[in-house]
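Student: Just so you know, the sequences run in chain order A and B.
Residues in the first sequence are numbered from 8 upward in steps of one, following this note's numbering.
Residues in the second sequence are numbered from 114 upward in steps of one, following this note's numbering.
Don't read these hints as lab results, they were simulated from the structure.
It should be emphasised that the depicted structure is a prediction, and the values quoted were computed from it without experimental measurement.
Treat the hints with care, as some may be off.
Unchecked claim - Simulated pairs of lysine to aspartate or glutamate, DMTMM-like, Cα-Cα distance not exceeding 25 Å:
#1 A:K284 - A:D246
#2 A:K24 - B:D207
#3 A:K284 - A:E298
#4 A:K160 - B:D135
#5 A:K284 - A:D315
#6 A:K24 - B:E205
#7 A:K160 - B:E225
#8 B:K230 - A:D120
#9 A:K160 - B:D207
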Amino acid sequence: MPPAITAEQLSKTFRVKVRDPGLRGALEALLRPRYRDVHAVREVTFRIDPGEIVAFLGPNGAGKTTTLKMLAGLLYPTSGRVEVAGFVPWGGGPEFKRRIALVLGNRQQLVWDLPPEETFLLNRAIYEIAPAAYRERLAEFVTLLELGDVLDKPVRQLSLGERMKCELAAALLHHPPILFLDEPTLGLDVTAQEAIRRFLTEYRDRHGATVLLTSHYMQDVTALARRVLIINRGRLLYDGALDALVARIARTKRLELVLGGGDGVTAEALAAFGEVKSFRFPNAVLEVPREEAAATSARLLAALPVADLSIEDPPIEDVIRQAFTRGVEEDDS
Amino acid sequence: MNRVADWARRYGALIRNAWLVDLQYRASIVLWIIWGVTEPAIALGIWWSIAGEGQVGGYARADFARYFFALMLVNQLTIAWDSWYLDRWIREGDLNYRLARPLHPAHEAVAENIAYKARSGGMILVVWLVAALVWPAVRLPLAPGRWTLTALAVLLAAAMRFFISFATGLLAFWTTRATAIMGLHGGVALFLSGRIAPLTLLPPAVAGVAAVLWFPYMLAFPVNLLTGAVHGTTAVLHGFAGQLVWLGLWVGAYRLAWTRGLRRYGAVGG
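With the rest of the complex left out, here is chain A (with noise of 0.2 Å):
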């Protein structure tokens, strides 16, 4: 099956106008106004596979958005070549618009002082759903989404969550079988972002669409995506399954101690096991070379008295900060 989602050497260099503060500078800009190439994209190479969901990751001004603006056929890329679907998106006219969605999360399509019913009309107008499926699609929707109490009341009333729900509704009346979600989580609760992920796996398994999403809240990448891009200053660091990265970048071990026998241990009797990231007793967590985690657990076994005791991968937050600090290098030494 050929891939969903192609990028070869995909580049994007924005050309701006810079300009020193104050008067002068202004005055200079304008008489003599000088150019920055930024790269936001810089030769980016990856594939997508039908049905993948993939998780894009990368600090704020990283190149993600960028990127997936280039793949949904909104901004030319500067080189390099790209295919959605089998499109060029750029050239890829209205058939191609009809096979994906993308959604903005800091954006809405909805229309704001109507109910988001009416935004759905109008998509099953413009994209020409017929009434049938338009009903039953809806009805899915509204069940997966629970949107049976907010169809009718003017989307400038309904919470964030409920916006971003029917955002999505209306973003996949359609039914694309490519979706481009940038933050789609943004700003919600808890409650809102863990009913976006369900939503989202449900629609993937119904009907086998490749998600390609950004996001910044670690659990939507640990439900949803089993790869993750890592991108930084417009360069790919990493391509590949979240556990490989985690056993690449991260060095370290945590071993999560809780302790019996009366408060006999102390805070030195610990350290001389590892690094201590906390400590108050009956509970402890020490931090570990990776490959001594093993002994260390063993030899803390037999010289304290262990209640219980486990051995995590650190946060994945800390190993995603270190990805984009230090990059992913192969070598772990």
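Start from chain A and add chain B according to the hints.
Tutor: Same frame as chain A, now just chain B:
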């Protein structure tokens, strides 16, 4: 046939949404209508008092009254606000989802125009009909030929003003001053399109400038066609030819700005 039905449904849905949004803003609509009536009413008041019992440039009081009532209607049926919408769509990133839909954003703009014009034009027509009941000066003969030609000229003028506004709004791809440029255009058009006075009353030099630009075809030509000030095959054909030429040029400007602008599009929020 199926394609036609699909497009009818799309336009139907877009116009319906535009009207539903309008209903949320009833007060602002009333204000716009008052403005639409007030401006020509003030101009009429001034010329009314200047004309006195005599004539100015061949216009007596009754002629001015017919001119400005016709202007009031034609202006509402041809006015276009698109540059303001486009400026916002481009600067604030609302163009993004519109570009991701299988529908050119211009169709949404055209539908908005139809919705606005049907509503405001209809209201102004009612105002005119009520005025005509009590004021014989503003009555126009029911000549089907003239009304048909006027309808065609209004359609062309509306199309031209739409493309002017749309193309100017697209300048937002390059500058943050697109609406200021449109405002400047509106200021010039106030004089050169016949909004402040019939063009024959302008100083010859100004009228000469207007004659070689698109402004008279935006308003003055359809208005004069409706009042009967333009008559005779040559004058009528000349007017329609001018409309078609300028419409063609502005469509060209729009196409150029659209293709170049999209390539340049920085897509805010990247």
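Student: Mind checking the alpha carbons of K24 (chain A) and E205 (chain B) for me, to see if they're no more than 25 Å apart?
Tutor: holds, 19 Å
Student: Can the restraint linking K160 (chain A) and E225 (chain B) be considered satisfied, given a maximum Cα separation of 25 Å?
Tutor: At roughly 23 Å apart (the allowed maximum being 25 Å), E225 (chain B) and K160 (chain A) satisfy the hint.
Student: Holds or violated: K284 (chain A) and E298 (chain A), Cα atoms, limit 25 Å.
Tutor: Given pair K284 (chain A), E298 (chain A) holds - Cα atoms ~18 Å apart, limit 25 Å.
Student: Hint check: K284 (chain A) vs D246 (chain A), CA-CA at most 25 Å. Holds or violated?
Tutor: violated, 30 Å
Student: Are K284 (chain A) and D315 (chain A) close enough, with their CA atoms no more than 25 Å apart?
Tutor: holds, 17 Å
Student: Given the hint that K230 (chain B) pairs with D120 (chain A), does the C-alpha gap stay at or below 25 Å?
Tutor: holds, 21 Å
Student: Take a quick look at whether K160 (chain A) and D135 (chain B) sit within 25 Å of each other, Cα to Cα.
Tutor: holds, 17 Å
Student: Is K24 (chain A) close enough to D207 (chain B), meaning Cα to Cα at most 25 Å?
Tutor: holds, 23 Å
Student: Can you confirm whether the C-alpha distance between K160 (chain A) and D207 (chain B) stays at or below 25 Å?
Tutor: Status holds; Cα separation ~22 Å.
The structure is inconsistent with hint 1 alone, although it conforms to all the rest.
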